[in-house]
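Residue numbers (the numbering used here), protein chains in the order written: chain U, 1 to 321; chain F, 1 to 321; chain Y, 1 to 321; chain E, 1 to 321; chain B, 1 to 321; chain G, 1 to 321.
Any given hint could be a false lead.
The list makes no distinction among identical chains, and a pair is therefore deemed to hold if it is satisfied within one copy or across any two copies.
What the hints assert, rightly or not - Straight-line Cα separation of at most 27 Å, DSS-like style, residue types lysine-lysine; simulated pairs: (1) 175 x 127; (2) 305 x 243; (3) 301 x 72; (4) 11 x 239; (5) 301 x 25; (6) 301 x 243; (7) 135 x 239; (8) 285 x 306; (9) 2 x 237.
Source of the hints: derived by calculation from the structure; they are not laboratory data.
6 protein chains.
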Amino acid sequence: MKEITQISSFKEGASIQGFFLCVEKHLRHTRNGDLYLDLVLRDNTGTVHAKIWDKVDELNDKFSSGVPIAVKGNVESFQERHQLVITKINKASVQYYGRYGYDPALVVPASSNDPKIMWKDIVDIIKNIKNPFLKKLVSSIYKEHKEKILIHPASVVMHHNYRSGFLEHVLSMSKIANQLSGLYDVDRDLVLTGVLLHDIGKLDEISEDMDAEYTDSGNFIGHIVLGRDMVQTAARKIKKFPKELLQKLEHIILSHQGRFEWQSPKQPAFPEAMLVHMIDNMDAKMNLMKLAVEEDQNERKWTDKKNIFRTPLYKGPDESK
Amino acid sequence: MKEITQISSFKEGASIQGFFLCVEKHLRHTRNGDLYLDLVLRDNTGTVHAKIWDKVDELNDKFSSGVPIAVKGNVESFQERHQLVITKINKASVQYYGRYGYDPALVVPASSNDPKIMWKDIVDIIKNIKNPFLKKLVSSIYKEHKEKILIHPASVVMHHNYRSGFLEHVLSMSKIANQLSGLYDVDRDLVLTGVLLHDIGKLDEISEDMDAEYTDSGNFIGHIVLGRDMVQTAARKIKKFPKELLQKLEHIILSHQGRFEWQSPKQPAFPEAMLVHMIDNMDAKMNLMKLAVEEDQNERKWTDKKNIFRTPLYKGPDESK
Amino acid sequence: MKEITQISSFKEGASIQGFFLCVEKHLRHTRNGDLYLDLVLRDNTGTVHAKIWDKVDELNDKFSSGVPIAVKGNVESFQERHQLVITKINKASVQYYGRYGYDPALVVPASSNDPKIMWKDIVDIIKNIKNPFLKKLVSSIYKEHKEKILIHPASVVMHHNYRSGFLEHVLSMSKIANQLSGLYDVDRDLVLTGVLLHDIGKLDEISEDMDAEYTDSGNFIGHIVLGRDMVQTAARKIKKFPKELLQKLEHIILSHQGRFEWQSPKQPAFPEAMLVHMIDNMDAKMNLMKLAVEEDQNERKWTDKKNIFRTPLYKGPDESK
Amino acid sequence: MKEITQISSFKEGASIQGFFLCVEKHLRHTRNGDLYLDLVLRDNTGTVHAKIWDKVDELNDKFSSGVPIAVKGNVESFQERHQLVITKINKASVQYYGRYGYDPALVVPASSNDPKIMWKDIVDIIKNIKNPFLKKLVSSIYKEHKEKILIHPASVVMHHNYRSGFLEHVLSMSKIANQLSGLYDVDRDLVLTGVLLHDIGKLDEISEDMDAEYTDSGNFIGHIVLGRDMVQTAARKIKKFPKELLQKLEHIILSHQGRFEWQSPKQPAFPEAMLVHMIDNMDAKMNLMKLAVEEDQNERKWTDKKNIFRTPLYKGPDESK
Amino acid sequence: MKEITQISSFKEGASIQGFFLCVEKHLRHTRNGDLYLDLVLRDNTGTVHAKIWDKVDELNDKFSSGVPIAVKGNVESFQERHQLVITKINKASVQYYGRYGYDPALVVPASSNDPKIMWKDIVDIIKNIKNPFLKKLVSSIYKEHKEKILIHPASVVMHHNYRSGFLEHVLSMSKIANQLSGLYDVDRDLVLTGVLLHDIGKLDEISEDMDAEYTDSGNFIGHIVLGRDMVQTAARKIKKFPKELLQKLEHIILSHQGRFEWQSPKQPAFPEAMLVHMIDNMDAKMNLMKLAVEEDQNERKWTDKKNIFRTPLYKGPDESK
Amino acid sequence: MKEITQISSFKEGASIQGFFLCVEKHLRHTRNGDLYLDLVLRDNTGTVHAKIWDKVDELNDKFSSGVPIAVKGNVESFQERHQLVITKINKASVQYYGRYGYDPALVVPASSNDPKIMWKDIVDIIKNIKNPFLKKLVSSIYKEHKEKILIHPASVVMHHNYRSGFLEHVLSMSKIANQLSGLYDVDRDLVLTGVLLHDIGKLDEISEDMDAEYTDSGNFIGHIVLGRDMVQTAARKIKKFPKELLQKLEHIILSHQGRFEWQSPKQPAFPEAMLVHMIDNMDAKMNLMKLAVEEDQNERKWTDKKNIFRTPLYKGPDESK
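So here's chain U without its partners, still in its complex pose (with noise of 0.2 Å):
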């Protein structure tokens, strides 16, 4: 089996065969009139342009733009960039292609971490969780989204805005809840189903598909209400739930944003559940920073001021040299 080559090995007069996500498709005119298909690919070390110069029309059917591809060609030079001329080309599924090394990880932005092993880790968490109405909702909620968990992103445009990202995400605020309960005088198993149910509206709120938007209950209701939704209707399934610990979780969802003007409609009343918003945020910040410097384009060791952050963040003196 031929090797899979990544955009980012690229090299000039290579004939290389891959996949990748088709993220622009135009079927345009040469100047002679034949008709080519014009694309631009992604992968998840980078992006290029490529054409279809032959069999268009029979080429251009069995693709569209924002699916991923199973594709051969040949990488070629123009305006001093790399350009991939296709001469084979078909949607890549993991049913079919899984045997020659597709992964939905290779083409789009992924979690550095091995999503199984994650999700063996918040399973472990879960079962610390003593008291027995939160761990029974924390474990029927991950169990019936189990699926979803493990790919989806924490957000479209923000943090963790990457595959398996909403479970790296939970995850690493799991691990701050759990070392930081024991330093304050709050109940642990709150904070810690707090932080494993805050986001879960986002299951509802972002499509699964490659490209991840927003869903219509997203747009209309928003995964802060959406999530509540999910924690109320499966408490209702569980007897005799607390009443007050009920509606503390459900206050802990809809505050954990912490302020009304990022879409909160409850600011935190009790420590619990300022504990999850500043766990939330730290967790968002911190990796706002790392996605923000790993972003910038430029040699220098600053980057510019126009990140999240509104101000030059330092990328280290290796970069300089």
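Could you slot chains F, Y, E, B and G onto chain U? The hints should help.
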């Protein structure tokens, strides 16, 4: 039956009987060491200080701060203000004192409109909703909560913060909605339903007591989300309630305050939602301006700046005469 | 007489004639060094690129950027977009081209309502003002500026920013004012007059040209103060115009934007001023939402967030089919 | 003629006469049921409580709250504070009490500069304006309002809020303008005229009474627009006043507060307007800092944070000795 | 030795001795003209009014407002509140009254943790810093200021504003930092050093007196810049302290408040700075919420909105029983 | 010696020589596969595209992007714009090309005032400081950094952001300070010293290169704190420098931006600090307005709103002719 005298009609030397809300109650010692009760009473015409000099122990047990009372006494003058010296006192209730003319609307600020007439107007408006799903939804919710709706305030300290204020506000908005729906290209039934239900969560958020305050549900969850719950629950009982129609109605409730910093987790996303928000804002502002002018104590043509609008309001030329 | 073809009806290969606004005009050289004219044309159905290859010197003198033109030419295709190759061109004017079907409303965005009918409606509303001073004041101002009022936009880049937008906005507000004045305890005549005159300064603030922009007076003084000038001047010509009535009307104009940061030097200080501000805000927002949905280019059910409301707007289920 | 004693010079047991502003007046009963008058008096050195025990009916008619009074009485001590027991009292006026030393500046805070000298300085500055239109404009306005200008405050509660504060502020700004106009490339005459007229509307906005407050015009229209009216009216009387020069002057007045949220309907759009705004801001801030330090009551080296700058201000080492 | 009685244990009729902070002291006259001293005393259990009727001249000299005092007296009741009538009074000092049980922590609010144990924990944390430059730097600064650090508050009116609050805050942050540094990709030693030194300037900014207030340096320069000075001075004494390491540490101190409007002249520019800011914010907010709940006086389940979070806080179900 | 031609004087067909800053440099291939250099050049009169077609390898080594160059070439025209085809190119330096007329001020925007004359003016102003400590302090700092001060810009992208802008800004402020110090009750020497040193940290914050950008110290620490360091270091070398005087000077530097959100960790706390802030703000705003008008490209009388003031600025009637 002796006549009831309200505070604004007190005259020095008069012997009166009436109904009041006891808003402050202190057991104090005179300079001679004798116990007496020092009270502040309120009805919907004003506020007066009162004293109980005799039978203090006995009368002290008959009432507490925060309850409506039936009183006999004499109006005296102390430091240029009226003071009521009480000779008889009892807790007031509609059951017992109703026949003597007691009505809660005497002791707490109340809408100047008759709640029963307003209710009838609302019922007519509901009848005119043509969409059968929406009509059924509103009817069932209003029927279920009729008793509360008749007396509830629309807020604790903001606009329409008096007995039957909820009803007055919703009715005023309904009339506006009825007329504006023809002027814009909107679904009139959806606007009317949105108006009738936008604040329905207030029934759960604010306590029914004389002294309105936030309930636990109000503080933990808030009327916006509570109101959506009531709508969702009622819609589930109606067969084949169209999914998108319900989502739009939920969105109207979630976005009706219009701005995140006003605790709306969503901003209006379609014309009907925008219109409900705009009508709500307009009716609240018109009411707040009326209240601010009424509450201003000084005798000039203009209020001072210490009102909710932070600007002097014009009280008109009549005041200055 | 050959038919007029609008941009949205262009078809490749067709030979057309029509009226357009020339919004860009550049004299360029071909690779061979020959001069040609590179144009961008617009009408109220769309935008198209155009070229003049022949008789460049002669045709170059016949028009300039920013004017409406009468054109003959052939529709070709360049890089998958239509391009008009012009063979005849002339400045368009109602005097000369009116009989061939030229109407400015063809080339600039215009209200979908007929200005003459709207004018008639406004005249009826003015007739119904009962206060003789206010009726006389509004009549005289509207009569004096009738010609401008028929075509003026309500703003340069915000709401109702198209031909006859001023009239459409004022008429819509008048209808609302008419209906709401009965619901609140306000002076209906003053509210109506405030509505009819609140933006009257825009006639001086914005130029009458095809391409609306701010005049010197607009930039130096602004429509709020200019509008008050017009009212003051007109009132001086009416004998015994009541002083306070005039001051209140002036205040309505000065405060109609409602907030200092929206350039109002005063905030509404009495119910009529508040109502004019609220109606203005409502009508502007409803119009802006309509425009934002119309302007959105993508094919999804929701607009993106890059509109004036900074929130995705729902375009409805029809779009997605 | 007996000497006048000001409040700061009161000594227990002294028998004094003097002029004061009566800022509070209450008719009360003693424990024995006798009537007495309970007063608060103020002059520009301080505040004192006063009582009238005798001839209450007769003296009660001689004055009211808010007017300056001529008083004889004895200084006593009550609860460690001085208290004036009044024996004779009359309304004070310059006509009658002037020869006994009465001067309004004794009873209300006043500029520490002599208004007549300040007026002379202003006249000199006006003489030095070279542009004949501007000179004529300023002269005519200042001449017409000379009497008011001599005593008007510059604001009700902000900077220069004392007798002749308007004159002090404008003179200080004129001196600065005179010197800065040479340093920047600006039209010195326009800057000076802008400075002299920027606040001229205050003469209409604030009442002339002892207790400065907003007039109806002030509340309805505001000094910014009122000032522009005065300039426009005066300019109309000057033949061939250049149109653009007038527009620029009007713009300076409309934009002199510099920011929309400070109620300026325009922001400075050319260097002269920016300079007038900057000089105004500087002179106001310097005055406000002086007043904040003077008003601070504590004995430490630093004021507390409850001043207009929301920061502790340094009062200097001398205070702490 | 007679027992010490704290204010919360006062009982009417009891004869007590104890240590208090004199927070107000006024010399007044009785109706009969006799002098007496009117005092307000405070200890860490409450506040009480006190009087000295006898030997006023003599006892007046023994103490002043703001100092701790040793007192004997009798508890009486006046207007339903306790009042202490003092018979003996002296300034309290550890030197003289220590053997009688005086401890400053009795009279001012103090951390509930023992400062000596907290100090030992901090020393252990410093020992675990591996980078020799950072360890040396922190050690030298903490050693030099040990005495102050043991008792300093962390702020004048905000979080941890009590005796040893500085130590409590830094220790709590250090524990968090210790645990979080393993979870993120950061230099643990730099985070710990940042935590230990971020507020070190507070030792200079706030006075050591019982009644904490800002020093001249605090007001002129501020703790952020003062703290950086201390770090710079200490680093200069350590040979070959790496330049960039020092710059990063300085940046952590300058940016630790995170936002310009919170007086940080820099915003966090690398992960360690962000983490120190986030931990500081979290620990401050958790402490402020605890204080807000403790300070709330009403007996309901919820505090009112007049706390630093501007939202009602939940005090829990126990309160309401 | 052949004449130097600046970009604004280029004419098609001319053969020129001159000095420019190379701001972009790309090695590209022609359609035929030949290498060429594609450059963008700038001098203080404009910007031009340039090409090197011949001897590409050899000339490519002679210069890099960001350096000043000495060039010979021919002006051609491409797509209606000038394009310089270069035949000879070398790095430019004052040492070698000074005799041919090279001056860095030719290639980067520079103050229109001669830095040497400005320096002399500053020296005169320093001489006039009477307080010996302050005079010595300023002299020593200015002497030490003379070379930098002569050429430094006052900012990277804001006001006075050009060669010798620092000097121009400080000199302008000094003249204002000199004149205003007499009008207010302030310590003139302290104001002048504050003005001369308020921005001194910019010498460390911004790099000296042609293309000004932030240094590491600038990004980590910032000019406000860096400037205070320079003052502290210099003051330590002066015997008996009065402590409070130094603290006040430090405070002036720390507070000179006036607002926390403008990165000042302190707000002005005494009149001299307020005056330095106000003068700084005024001089910056006057300069920014001048730059905004100069930079505006359109041919109308008014700039658009996309300038730092977010308002159209008046460019004057001359432009429109």
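Hints, verified against the model:
Taking the closest pair of Cα atoms, residue 175 and residue 127 come within 27 Å of each other both inside a single copy (14 Å) and across two copies (25 Å). For the identical chains of this complex, residue 305 and residue 243 are inter-copy neighbours only, at 24 Å across copies versus 48 Å inside a copy, given an alpha-carbon limit of 27 Å. Taking the shortest alpha-carbon separations for residue 301 and residue 72, neither the intra-copy value of 38 Å nor the inter-copy value of 35 Å comes in at or below 27 Å. For the homomeric pair residue 11 and residue 239, neither the shortest alpha-carbon distance inside one copy (63 Å) nor that between copies (49 Å) is at most 27 Å.
Proximity of residue 301 to residue 25 under the C-alpha cut-off of 27 Å is restricted to the inter-copy arrangement: shortest distance 21 Å between copies versus 36 Å within a copy. Taking identical chains as interchangeable, the C-alpha atoms of residue 301 and residue 243 lie at most 27 Å apart only when they sit on different chains, with a minimum of 16 Å there against 54 Å within one chain. For the homomeric pair residue 135 and residue 239, the shortest alpha-carbon distance inside one copy (13 Å) is at most 27 Å, but the shortest distance between copies (35 Å) is not. With identical chains, the CA atoms of residue 285 and residue 306 are at most 27 Å apart both within one copy (16 Å) and between copies (24 Å).
Taking the shortest Cα distances, residue 2 and residue 237 never come within 27 Å of each other, neither inside one copy (52 Å) nor across copies (59 Å).
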